[in-house]
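Chemist: Here the protein sequences line up with chains A and B, keeping their order. Residue numbers for the first sequence follow UniProt numbering, so the first one is 1 and each next one is one higher. Residue numbers for the second sequence follow UniProt numbering, so the first one is 1 and each next one is one higher.
Take these hints with a grain of salt, some might be off.
Calculated cross-link-like contacts (lysine-lysine; reagent style DSS-like; alpha-carbon spacing at most 25 Å) [stated by the list, open to error]:
#	chain 1	residue 1	chain 2	residue 2
1	B	K342	B	K473
2	B	K66	B	K181
3	B	K338	A	K232
4	A	K232	B	K342
5	B	K77	B	K177
6	B	K315	B	K344
7	B	K344	A	K232
8	B	K473	B	K501
9	B	K133	B	K463
Here are some chain B residues the structure puts well away from chain A; computed CB gaps all over 12 Å [to be verified]:
#	residue
10	N90
11	F391
12	P400
Keep in mind the hints are simulated off the structure, nothing from the lab. C-beta: ideal position from N, C-alpha, C; glycine also.
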Amino acid sequence: MSVLARQIAPSARLLTPVTTAPACLLPRHFSVLNRPQPNYPGHIPLTFIERGALAVGSAVGSLINPRRGDLIATLGEATATPYFIYRLRDAMLSDATGRRILRDRPRITSSTMPLPYLRSLPENSVGRTYAAWLDREGVSPDTRSQVQYIDNEECAYVMQRYRECHDFYHAVTGLPIFVEGELALKAFEFLNTLIPMTGLSLFAMVRLKPAERERFFSLHLPWAVRSGLASKELINVYWEEVLEKNVDELRRELNIEAPPDLREIRRMIRRQQKEEKQRMGQQTA
Amino acid sequence: MSASRSALRPYVCSSCRHGVLAPRRRFSSKPAQNPEIYDVVCVGGGPAGLGLLAALRASPVTSKLKVALVESQDLDKARSWDLPTHEFSNRVSSLTPSSVAFLRRIGALELLDTDRVQDYQQMQVWDGETGSKISFDWAEETSPFEDPRTVATMTENANLVRALLSRIEASGDENLKIFSKTTVSSIENGSDHPDGPDLSAWPVLTVAPSEASPASTSEPPVRIAARLLVGADGINSPVRSFADIATEGWDYNRHGVVATLALSDSEAPTFPAGMRTAFQRFLPALGGPIALLPLPNNHATLVWSTTPEHAAYLKSLPPNAFISMVNAAFRLSMTDLKYMMKMKRVGEEEEVNQHDAELTWRLQHTPQPNHIPPMVTGVQERSVASFPLRFRHASTYISPRVALIGDAAHVIHPLAGQGLNLGLGDVASLSNTIEYAVTHGMDVGDLLSLERYSTERWGANAKVGGVCDLLHKLYNVPGQGPVAWGRSLGLNVIDRLPFVKGFLMRQAEGGA
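Let's have the full structure, built from the sequences with the hints guiding it.
Modeler: And the structure:
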């Protein structure tokens with residue numbers, strides 16, 4: 001177990017060559033020595049123990065360093081089965097738009113979502129808001145890694161879709177990517193998608209400063225619970241088709257309230273602190 | 001013949017000797033005072049009623065009893081019923097081996113059109129929610145060198161009715177009167193005739209030609225008295241109301257959708273050759289099981305128990321979409337099926353493609369077990385219909401001079417295909433009871449004679465009906481909760497225990 005954890009957890013990417021499993025062998029029980037063929041390109045079949053080790057390892061790793069997006073993604077995949085990812089897929093299959101997404105399998109990359117086009121959209125449209133958010137946070141849609149540990153190829157796509165849409169959730173809610181904003185969004189997503197990783201991410205709360213934690217509990221958690229439970233399944237939004245829609249209208253349709261703007265709050269607090277400091281300086285002078 | 005019967009002989013003969021002329025004569029001379037007396041009057045000419053008549057006529061002991069049958073439908077139509085070989089009626093029943101044995105005993109089996117009858121040797125039943133399955137066949141009990149043993153026999157009800165009618169006709173028309181296209185307008189207790197028999201405790205029926213028939217004006221109502229009145233008159237039995245027998249039960253709020261389907265040729269040849277299989281998949285999210293039961297020439301009959309809304313939706317679909325839905329119901333997940341049941345029917349063309357497109361797409365992403373039926377390729381025109389599913393059980397089957405058989409006594413959920421078999425079981429038991437009463441010089445209508453029938457059948461029918469009801473409830477719990485887990489565990493365990501499975505199959509086989 002410890003050996004496995006050491007092998008797998010630090011860098012999941014190292015495992016990729018394992019997919020070339022010997023196919024000539026007679027059908028044998030699935031073990032570390034006899035890995036079945038991948039179900040889709042990039043798929044890495046895992047045994048139960050491997051999956052568990054991967055979940056624990058990636059959980060610990062991502063708690064130590066929350067900037068390790070790959071570990072968070074791995075944690076998401078390792079804990080999505082059983083049940084949760086199937087539930088999310090069934091939620092998509094129960095909805096006309098969700099079915100269309102599963103059938104078309106659109107991918108969100110900088111080539112399918114050209115930023116110049118998004119920036120040219122009218123003010124307050126979903127696409128423009130998304131582009132503005134990407135610019136503000138300095139991220140790109142291409143930073144999302146491939147799903148590799150989910151056995152069902154359709155569920156793997158659902159996970160991929162969730163991952164790629166995550167930035168749209170950020171954009172629509174306006175939450176930033178630093179830990180506080182990320183936590184608020186993860187809480188919201190957990191109640192909306194029920195993906196266990198989003199719930200587990202809330203353990204990162206231990207990393208918040210006391211003031212931030214207090215703000216999280218009084219401001220963002222209540223928002224996340226309210227909106228997460230009241231809103232429609234966000235996975236069923238065909239983002240490629242609503243780019244030109246008014247973002248307020250979309251929020252109303254999905255039944256999401258806009259959360260308090262974290263960057264604004266931070267700026268305000270910083271200004272207050274500065275003023276306080278100046279006043280203190282004046283007094284001492 | 002019994003003592004009481006010989007004492008009444010003069011009165012019986014005065015009216016029966018003159019055959020058809022009797023009613024008119026009596027009407028003109030003495031207005032309907034003395035009803036004609038029959039030993040057994042059976043109300044209802046369905047499989048149960050006709051089966052009873054055929055059974056009584058087939059036994060040498062009871063063949064001389066004076067019997068009458070009252071049926072509101074036109075039995076001439078049933079007699080001349082005929083369909084081209086590639087068409088099948090949508091009212092089809094499965095006969096268990098013991099029902100088949102009974103039909104053979106009364107000589108009706110050889111009168112069945114065997115080209116329209118299909119045996120099957122295997123049955124696959126599985127849970128659409130969890131995928132756990134059970135298969136029924138007699139492979140455990142037969143050697144590999146024998147032909148596989150039949151699990152059940154599919155026959156159209158019309159074919160069975162026609163065979164029973166010809167069996168009854170073959171027995172001659174002595175002491176037999178069939179009132180076709182005739183309804184029972186009243187049943188009451190007779191009166192004590194001063195110059196005749198005391199019929200005050202006997203049921204006396206007034207029968208008149210059905211309003212629909214053109215002869216209604218010409219033929220006057222006829223009164224007949226019954227030593228034993230048998231109610232084979234269905235769920236709303238007038239005989240049962242006359243006897244004041246309470247009935248318990250409930251409506252399932254489900255409809256059974258039936259249809260006659262054509263199947264594609266299966267790629268894999270069956271082993272042994274000619275082996276046919278029946279398929280049943282439980283669809284907890286849609287309210288009941290879907291079953292595909294084999295008919296000759298690669299046809300099959302469908303019975304799909306589902307909610308009235310779904311049934312109405314299915315019936316409103318054009319043929320291509322209906323076929324896609326049936327194929328989907330044996331293959332796709334509950335989520336897909338629930339979605340497809342709500343798909344809008346935009347226009348004929350568009351909609352046909354829609355259901356089929358959904359099915360084709362979802363099949364690529366749904367792993368299939370290896371026990372699914374062949375693809376349905378066609379649905380017979382005007383064969384899609386539905387009927388409400390109900391549970392009824394009469395508190396008793398007998399009352400002085402009255403006995404209930406078939407649907408008049410019990411109506412059960414069709415998921416095990418046992419309804420008609422229970423009815424034929426009643427018929428076998430009641431005819432034996434009558435035979436016993438006749439050989440021992442007892443009055444066939446006496447409660448003491450009938451007790452035997454009630455004892456034999458009430459408990460047996462209650463058991464089968466209760467099991468079907470339990471299965472219905474168990475397989476109506478949607479989702480992957482503890483109930484689904486429990487029923488799947490149970491099914492898998494039974495599937496792996498040949499003794500338990502053999503016991504259950506023998507119960508189902510002898511359930512009739």
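Chemist: Does each hint fit the structure? Answer for all of them.
Modeler: Evaluated hints:
no. : hint               : result
1   : K342/B with K473/B : holds, 24 Å
2   : K66/B with K181/B  : holds, 20 Å
3   : K338/B with K232/A : holds, 19 Å
4   : K232/A with K342/B : holds, 19 Å
5   : K77/B with K177/B  : holds, 17 Å
6   : K315/B with K344/B : holds, 14 Å
7   : K344/B with K232/A : holds, 21 Å
8   : K473/B with K501/B : holds, 21 Å
9   : K133/B with K463/B : holds, 23 Å
10  : N90                : holds, 32 Å
11  : F391               : holds, 32 Å
12  : P400               : holds, 59 Å
Checked against the numbered hints given earlier, the structure satisfies every one of them.
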